[in-house]
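Could you put together the complete structure from these sequences and hints?
Chains as they are written, first to last, in the working numbering: chain A, 1 to 370; chain B, 371 to 473.
There are no misleading hints in this set.
Short derived list, chain A residues pointing at chain B, Cβ under 8 Å:
#1 Ala23
#2 Met40
#3 Gly99
#4 Thr100
#5 Pro191
#6 Ser193
#7 Pro287
#8 Met288
To be clear, the hints were calculated from the coordinates, so they are not data collected in a lab.
Each residue gets a CB set at the ideal place from its N, CA and C atoms; glycine is no exception.
Chain by chain, the residues:
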Amino acid sequence: MAKRDYSLQGPDARRAVETGLAAAEWYHTEVPRKVMKDLMQRSDAPAIRDTVILYGCMILFAGLGIALWPSLWSAPFWLAYGVLYGSASDSRWHECGHGTAFKTKWMNDVVYQIASFMIMRNAATWRWSHARHHTDTYIVGRDPEIAVMRPPELAKVILNFFGIIDVIRFFPNLVYNAAFGPTADERTFVPQSEWGRVRRVALVHLSVYVATVALAVWMQSVLPLMVIGLPRLYGAWHHVMTGLLQHGGLADNVIDHRLNSRTVLMNPISRFIYWNMNYHVEHHMFPMVPYHALPRLHDTIRHDLPAPNRSIAEGFREMWPAFRRQLAYEDFFLKRSLPPTAKPYREDLHQISPGTLTPAAPPATAIPAE
Amino acid sequence: MPWINACATDDIDEEDLIRFDHGSQTFAIYHSPEGDFYATAGRCTHEEVHLCDGLVMGHLIECPKHNGQFDYRTGEAKRAPVCVNLRTFPVKVEAGRVFIDIA
Ligand code: FES
Numbered sequence: 001m002a003k004r005d006y007s008l009q010g011p012d013a014r015r016a017v018e019t020g021l022a023a024a025e026w027y028h029t030e031v032p033r034k035v036m037k038d039l040m041q042r043s044d045a046p047a048i049r050d051t052v053i054l055y056g057c058m059i060l061f062a063g064l065g066i067a068l069w070p071s072l073w074s075a076p077f078w079l080a081y082g083v084l085y086g087s088a089s090d091s092r093w094h095e096c097g098h099g100t101a102f103k104t105k106w107m108n109d110v111v112y113q114i115a116s117f118m119i120m121r122n123a124a125t126w127r128w129s130h131a132r133h134h135t136d137t138y139i140v141g142r143d144p145e146i147a148v149m150r151p152p153e154l155a156k157v158i159l160n161f162f163g164i165i166d167v168i169r170f171f172p173n174l175v176y177n178a179a180f181g182p183t184a185d186e187r188t189f190v191p192q193s194e195w196g197r198v199r200r201v202a203l204v205h206l207s208v209y210v211a212t213v214a215l216a217v218w219m220q221s222v223l224p225l226m227v228i229g230l231p232r233l234y235g236a237w238h239h240v241m242t243g244l245l246q247h248g249g250l251a252d253n254v255i256d257h258r259l260n261s262r263t264v265l266m267n268p269i270s271r272f273i274y275w276n277m278n279y280h281v282e283h284h285m286f287p288m289v290p291y292h293a294l295p296r297l298h299d300t301i302r303h304d305l306p307a308p309n310r311s312i313a314e315g316f317r318e319m320w321p322a323f324r325r326q327l328a329y330e331d332f333f334l335k336r337s338l339p340p341t342a343k344p345y346r347e348d349l350h351q352i353s354p355g356t357l358t359p360a361a362p363p364a365t366a367i368p369a370e
Numbered sequence: 371m372p373w374i375n376a377c378a379t380d381d382i383d384e385e386d387l388i389r390f391d392h393g394s395q396t397f398a399i400y401h402s403p404e405g406d407f408y409a410t411a412g413r414c415t416h417e418e419v420h421l422c423d424g425l426v427m428g429h430l431i432e433c434p435k436h437n438g439q440f441d442y443r444t445g446e447a448k449r450a451p452v453c454v455n456l457r458t459f460p461v462k463v464e465a466g467r468v469f470i471d472i473a
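This is the structure we're talking about:
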């Protein structure tokens, strides 16, 4: 069994380029051009509605939390505010980063900047890391956004439900970015023309945090941090829960999103917070389709995809045991069966084992998901 | 190089594009909302993905891979992650056919 090296400048990164896994041609379900054009159409209305609801609820919940502070009665409002700040910002960052949420560019840009701040991502850096995530989804050594590396460090995964690992990594990186621009790893995917912007964004974010901490010290109260900063910890759980399901326990080093991404049907509140990214295979196959059209895209191509998980709980029941098996045997992954109407997986394209140039033996390591 | 007879005008819906291959070269031909035709290099300058599956919005073509955008009239890169402009080619329309000058 070969050990994976997730470094963006390491041997697996070089092998991915040499073997043609990097920047490869990926599998797409065939969709007639007219249908796809219709699905790709942009509109401001759904995202304006959702943004008014989101920011309106945030103002309401934070206002009630402040009004009732420091009574325990404020707790439910902080919990609700926290999820919108520390989790809904993830999906807004994502959709507006793609530029598909709104039809109007400045609206995408404004929501993207606000969401990047709340989710603690440098707005300039992460646009590029996410482009790489789409080019090389779960290609070891190439994808900078692999949520759970193998073998999984489950303690870290659990800590991250409270944002702890992300935040511990974020602040030293923020200070480095503010002082020097992108780190060496970030320079592998951020073009040089953008390095100055990375630094400027970091300086703005850092200034807001310094001002918030200064206000908290002056007020002798943690209250300002309950509004800015801390919700990234106490409200992170929802985006971690949904984010893990995107690719957790599935294949890496493949070029078919049906093998490495998961679609999960979920309740309407989670879908609002997650902005329909539960249709994750669909999103990766066709990133041009805006979030509000993903349910229609799902209906259009479901005949060619593995059956979706029917709930978050069902997704976890499938994924968590796979993480545990990967502790002992990191090559293990779940391989979902396709319906008879689907085009089969191209096994010949998925034979490269991480850490080697030799073909792996996928049938021995892949266990069909129930 | 003479003008190349690429396609019929009604091969491309308004506000849409098609792919046109000639020898080893590949192009994208656009039909603007005003009824004009334009031609650019076929592949995105970011990661060489063909633009033919992209979305035409007004005078912009959005790349299907990472949503980078170009103004297809000038080739100007308009939205990250594209930074390098797209090559454009002269176009003329005669007798219902679209010709491009690929010299
Ligand atoms: S390949 Fe076109 S935007 Fe990346």
